[in-house]
Amino acid sequence: MKTVSARLWNRLSSINLTVALCLLLTMDLVWGYFCLNRRTALFTPLNDLGLIPWAQTYGSHNLLATGWFFLLLTLLALLAVNTFTCTTSRVAQLLRAKGPGGWQRLALRLAPHVMHYGLIVILAGYLCSYLFTQVLTSSTLTPGSHLSLPGSGSQVQLLAVEPEYYQGERLAFWKNEVIALRARLLLSDNTGQREAILSCNRPVRFQGYSLHLIDFAPKSLNGMKMKTRIDLHVRKDPGVALYLAGMALFSLGLILYFYQWIVHREAHR
Amino acid sequence: MRMFNILRPDDCILAMAALIVLLTAAGCNNDPSATSSAAGKNTDKERPAFLQIGEFAVNRISPERTEVRDGAGRTLVLIPREAPMPTDCAPSQVVRVPVRRVVAYGGFDVAVLRALGVLEQTLVGVTTPKERWHVPDVKRGMESGRIAFLGDAASIDYERLKQSEPELVLTWDPSIIPLMDDLHIPVAVTTTPQAMCLNARMRFVQFLAPFFHKEPEADAFFARIDAALRDIRARTAGATRQPKVMWGDIYEKRVMVEPGNAWVGELVGLAQSNYQFEDVFGTSCIEITVERFLYSGQDADIFFTYRSRDMGATSKAALARLNPLIKDIAPLKNGRAYAPLPHYSQSADKLDEILTEISAILHPEFYPDYQLHYFAELPDADPVAVKEKNHDHI
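If you're matching them up, the sequences are chains A and B in order.
With our numbering applied, the first sequence corresponds to residues 1 to 269, in that order.
With our numbering applied, the second sequence corresponds to residues 1 to 394, in that order.
Among the hints, erroneous ones may be present.
[Said to hold, decoys possible] Okay, derived cross-link-like pairs now, PhoX-like style, lysine-lysine, Cα gap no bigger than 25 Å in a straight line: (1) B:K253 / A:K225; (2) A:K227 / B:K253; (3) B:K130 / A:K225; (4) A:K227 / B:K130; (5) A:K219 / B:K253; (6) A:K227 / B:K162.
[Claimed, not checked] Some residues of chain B that are not near chain A, with every Cβ distance over 10 Å (derived): (7) P86; (8) Q346; (9) S347.
In short, the hints are calculated from the structure, not lab data.
Ideal Cβ placement from N, Cα and C applies to all residues, glycine included.
So that you can see chain A by itself, here it is in the shape it has in the complex (with noise of 0.2 Å):
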């Protein structure tokens, strides 16, 4: 048994395998570029549905678009699996051995490897993100209305909304467009009041929620006369400090092996 074990944990941490996966994620995206840009409604509601519900409608009615999705998550599955393997055979090898030089040569020399670890934390925190993100579609709000949100007893109020516009001459149709958009924010729990800005790629936290601005109207002092709103999408995502761990594991392996090739270097000159 131990054996089988042994042999499967071998094959797995193979760096054929490696260089097979990545031969398939390479053709697997190629396949998925052609898809993603022939039939983009098909994966658009990914972004809020979650990955089970998308699965269940999208994804399992149209297969030859998005066939390339699920092969892609088996994919990464597989190499999250491998790097894994092969990071932990390694980092044991380097535990055994430690060798002279102690923990901080020992550390310095675990420096790829904590950024394998990193990567495989960022991955897993995508997946978390797609499972288990709440989210509440197109939440629209005019000045003065408000958005309960879920489960919080907060609420946000839109205060006003500040366009910027295009007053250039460089780029005649842009002229009157809206280029940037700050939305004033009102939100309030049991502890109080507080103002906040959100904008296009500057989203709110508040409450364990993220707010992201998705849309707004009008776009341009010219045109069609809209009514002023903005469109938010409101998500709880749990992957975000998955990801954000991840990366700075990732950062703290990346400073580590600089570190060890400056010494590196310095060492021969």
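Chain B: place on chain A using the hints.
Chain B in isolation, oriented as in the chain A frame:
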């Protein structure tokens, strides 16, 4: 060669076997309702459990619950009228079906209600005044007071809307959602950020059908449009000449066109013609640069303008006067230009006729003696101008 040395066959087999197992597992589902979904049909009604219509979707969870995704990506839960209120969603997301009272913002939505055969029984409010309606049922309803004019879409009389007691509002304007939530009136957004493709345009009726329990009518409508499309494909298959088509217009300094992903662009391609804005992607009536419009107009054969006669599209000369920038595009100089007739935008229930008419315009050689019903070919000059010119000659 070295690569083959690196990749041992048993590793590849291991990877492929794991893939197949996991892929099969991903496709499996223990939920019986989902199994019927995967099969694509409900056993009892032979109807797909899940239907994607462009950016819209209909998901039949159970006989008592259907979830639909509207054009804004919001989920609405359809439940029978007598069913208890579900606890897993906000009350404003719940629509009791079949819906008996509807407010519709657009002519397109009203036409779809007509296609489903529910217009007379359900429509209680519109945002277009009676004089601008070309649908007899709506005109009659407004005259009898059954259908109320709620004010222009930009300035709705919400008191009047509340008095109409709608059970559903069909709109293109999401800004009314917060107020409608306060009034406990569910809203379905019927437009999408991206232009509707031909398939979505044909199937949109199947998105609204579950609101009224009119799925068979929706299927019949779709079959009719599908038959028209097959006919177009068959008739135009032998076309040796592929006219170049542009669809849009210039308003002051803004140029708006139908993008290539819109149903118009797809139809033009399907009818053996070339759409000049095929590479433009985005929302319906999308803005492009004047230069791009004029460049595409250099060698176009046919121009469809958004403007109707009452918006000044009475002749090619009138269009050129409205905007001198376009006076030199080929369709206005030596090609053909068409304007929609006033009832065109309210005739989505005659989509088969509209598609056929567009095909007949593109390839008149395959439609001898075809009479236009939804578009008018623009003469070179206004009849009045011609008269004045004649007068001058006299």
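Consistency of the hints with the structure:
1. B:K253 / A:K225: Within the cut-off at roughly 16 Å; holds.
2. A:K227 / B:K253: holds, 22 Å
3. B:K130 / A:K225: holds, 22 Å
4. A:K227 / B:K130: Within the cut-off at roughly 24 Å; holds.
5. A:K219 / B:K253: Given that 25 Å is the threshold and the Cα spacing comes to 16 Å, the pair holds.
6. A:K227 / B:K162: holds, 20 Å
7. P86: holds, 14 Å
8. Q346: holds, 19 Å
9. S347: At roughly 22 Å from the nearest Cβ of chain A, S347 of chain B sits farther out than 10 Å, so the non-interface label holds.
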